[in-house]
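Asks: Chain by chain, the residues run as shown.
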Amino acid sequence: MATMEAIGNLNAIQRDVIREIGNIGAGNAVTALATMLNDKIEMSIPTVGLMKLSEFTNMVGGPETVSVCVYLPVDGEAPGHVAFFTPELGAHTLANRLLGRDMSECDEFDDMACSALMEVGNILASSYLVALCELTGLNLLSSPPALAIDYTAAILDSLAGYLAYTEADEDQAITILTQIQGCEHLIEGMFLYIPTAGSMRTMLRALNMEG
Amino acid sequence: MDQTQMVGMAEMAITCSAGGMLMALGLGSCVGVCVYDYQKKIAGLAHVVLPASGGQCGADGKYADTAIPALVKAMAAAGANERSLRFAIVGGAQLFVGASTGARLDIGPRNVEAVITQLKARNALLVAQETGGNSGRTVTVFGDGRVRLRTLGKTERDLVHLGGTNADRGSTGLAVGVHIAAA
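So the protein sequences, as listed, match chains A and B.
Following our numbering from start to finish, the first sequence increments by one per residue and tops out at 211.
Following our numbering from start to finish, the second sequence increments by one per residue and tops out at 183.
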């Protein structure tokens with residue numbers, strides 16, 4: 001339980017550093033997405049929070065709204081989790097734009113659409129992690145993406161399961177959340193980075209911000 | 001007025017009121033363990049996150065091997081008799097598909113297995129189960145023993161009526177996983 005307290009005890013400067021880590025990562029990811037879509041994508045300033053497992057499902061939108069989520073486990077010197085959430089409509093817009101399809105095609109996610117969305121998640125996550133690698137000098141590796149289309153709450157429930165599984169003694173997780181939007185709000189989404197408590201310390205140490 | 005009690009991850013709840021409602025919203029890989037004392041009319045629900053505690057401490061409801069004993073204990077504390085408990089389990093899906101799936105992401109099926117092992121060990125009566133697959137589920141346990149299920153893209157339906165007279169015979173026609181009559 002000592003690690004839990006350590007997260008809660010981040011001082012204001014460390015919290016700012018973590019927010020800046022998120023800012024740089026998301027900035028790089030959003031640039032990659034904007035290049036891919038050849039359009040302007042805006043992002044919010046990341047929020048850094050300590051989230052209890054039991055509160056996890058309340059994090060994004062209404063619990064029974066439908067979301068598309070691309071999830072990638074992060075390995076390497078600072079393991080963690082990366083997930084990109086987008087509401088159903090935003091996901092259709094993204095897939096249609098990338099595949100050069102008619103924008104009104106919103107019936108279902110076929111194999112091509114799923115594949116395109118996984119690639120979006122992959123590129124976003126990779127760009128995010130590359131920025132973090134450059135910043136910290138640490139070696140971070142993203143695993144191949146996995147895709148889910150379901151109730152937002154059910155997706156978060158599964159994510160929390162993975163989280164709890166990798167850090168079974170933790171009942172809470174530090175979350176770095178960035179909102180993105182573009183194409184007149186047709187594309188919107190949320191980028192979630194969850195380093196493990198140990199990784200958080202590793203990164204702060206790499207930046208000489210520990211203590 | 002009876003209110004719906006939300007049962008978040010790693011939590012559990014009990015209601016003794018006929019109009020009470022316990023709800024686990026959006027179960028993904030987690031398993032909702034529904035329990036009902038059909039004689040005392042007490043309902044319970046636990047939201048299990050992981051299969052085994054491995055000695056870790058944490059919320060009782062978090063792990064299958066601590067949640068089932070804790071749920072039974074809480075039911076008993078509310079006046080229930082373990083011999084008249086009926087169980088139904090929901091969830092344990094694998095929502096994510098892709099190259100990373102495999103051993104790393106199959107927590108859902110392992111949760112289901114662990115819960116069933118726990119129930120078997122107690123000689124518990126598992127009346128209905130709706131588990132596995134790739135879809136999230138929302139489950140509501142009513143104070144009268146009804147278990148209601150909601151899945152994306154499907155009509156909401158009753159899974160089982162744990163208070164019903166025929167529930168122990170699996171007369172709902174739904175999948176009956178473990179079916180060990182209490183001696």
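Any given hint might turn out to be false.
[Stated by the list, open to error] Below, a sample of chain B positions facing chain A; criterion: calculated Cβ distance under 8 Å:
1. Cys16
2. Ala18
3. Met21
4. Met23
5. Val49
6. Leu95
7. Phe96
8. Val97
9. Leu105
10. Thr117
11. Asn123
12. Leu126
13. Gly132
[Claimed, not checked] Now the stretches of chain B that chain A is said to cover, found in silico as 3 or more residues with beta-carbon under 8 Å:
14. 64-76
15. 133-146
[Stated by the list, open to error] Only some residues are given here: those of chain A computed to face chain B with a beta carbon under 8 Å:
16. Ala34
17. Met103
18. Cys106
19. Leu147
20. Ala148
21. Asp157
22. Gly161
No lab work stands behind these hints: they were computed from the structure.
Think of the CB as a built atom: it goes at the ideal place given N, C-alpha and C, for glycine as much as any other residue.
Asks: All the hints need checking, so say for each whether the structure fits it.
Replies: Outcome of the hint check:
1. Restraint check, Cys16 (chain B) versus chain A: the minimum CB separation of about 23 Å is more than 8 Å; hint violated.
2. Because the closest C-beta pair between Ala18 (chain B) and chain A is about 26 Å apart, greater than 8 Å, the hint is violated.
3. Hint status for Met21 (chain B): violated, given a least beta-carbon distance of 16 Å to chain A, over 8 Å.
4. Annotation: interface hint on Met23 (chain B) violated; nearest CB of chain A at approximately 10 Å, more than 8 Å.
5. Checking Val49 (chain B) against chain A: minimum C-beta separation of about 5 Å stays under 8 Å; hint holds.
6. Taken as an interface hint, Leu95 (chain B) checks out: its beta carbon lies about 4 Å from the nearest beta carbon of chain A, inside 8 Å.
7. Interface hint at Phe96 (chain B): satisfied, since its Cβ lies 4 Å from the closest Cβ of chain A, which is below the 8 Å cut-off.
8. Interface restraint check: Val97 (chain B) against chain A, minimum CB-CB distance 6 Å, threshold 8 Å, status holds.
9. A cut of 8 Å between beta carbons decides the hint on Leu105 (chain B): the least distance to chain A is about 6 Å, and the hint holds.
10. Of the supplied interface hints, the one on Thr117 (chain B) is violated, with its beta-carbon coming no nearer than about 18 Å to a beta-carbon of chain A, more than 8 Å.
11. Taking 8 Å as the C-beta cut-off, the interface hint given for Asn123 (chain B) is violated, the closest approach to chain A being about 28 Å.
12. Checking Leu126 (chain B) against chain A by beta carbon gives a least distance of about 22 Å; that is not within 8 Å, so the hint is violated.
13. The interface hint given for Gly132 (chain B) is violated, since its Cβ lies 13 Å from the closest Cβ of chain A, which is over the 8 Å cut-off.
14. Proximity of the region 64-76 of chain B to chain A, defined as three or more residues with a beta carbon under 8 Å from a beta carbon of that chain, is not established by the 0 residues found.
15. Here the region 133-146 of chain B counts 4 residues with a CB under 8 Å from a CB of chain A, which clears the bar of 3, and the coverage holds.
16. Evaluation of the Ala34 (chain A) hint against chain B yields a violated restraint, the C-beta minimum of about 25 Å exceeding 8 Å.
17. The closest approach between the C-beta of Met103 (chain A) and any C-beta of chain B is roughly 23 Å, which is over the 8 Å cut-off, so the hint fails.
18. Hint on Cys106 (chain A) is violated. Least Cβ distance to chain B is approximately 15 Å, over the 8 Å limit.
19. Annotation: Leu147 (chain A) was flagged as interfacial toward chain B, and the flag holds, the nearest CB pair being 5 Å apart, inside 8 Å.
20. Because the closest C-beta pair between Ala148 (chain A) and chain B is about 4 Å apart, less than 8 Å, the hint holds.
21. For Asp157 (chain A), the interface hint holds, the least distance from its beta-carbon to any beta-carbon of chain B being 4 Å, beneath 8 Å.
22. A hinted interface residue such as Gly161 (chain A) counts as satisfied when its beta carbon comes closer than 8 Å to some beta carbon of chain B; here the least separation is about 4 Å, so the hint holds.
Checked against the numbered hints given earlier, this structure breaks hints 1, 2, 3, 4, 10, 11, 12, 13, 14, 16, 17 and 18; the rest are met.
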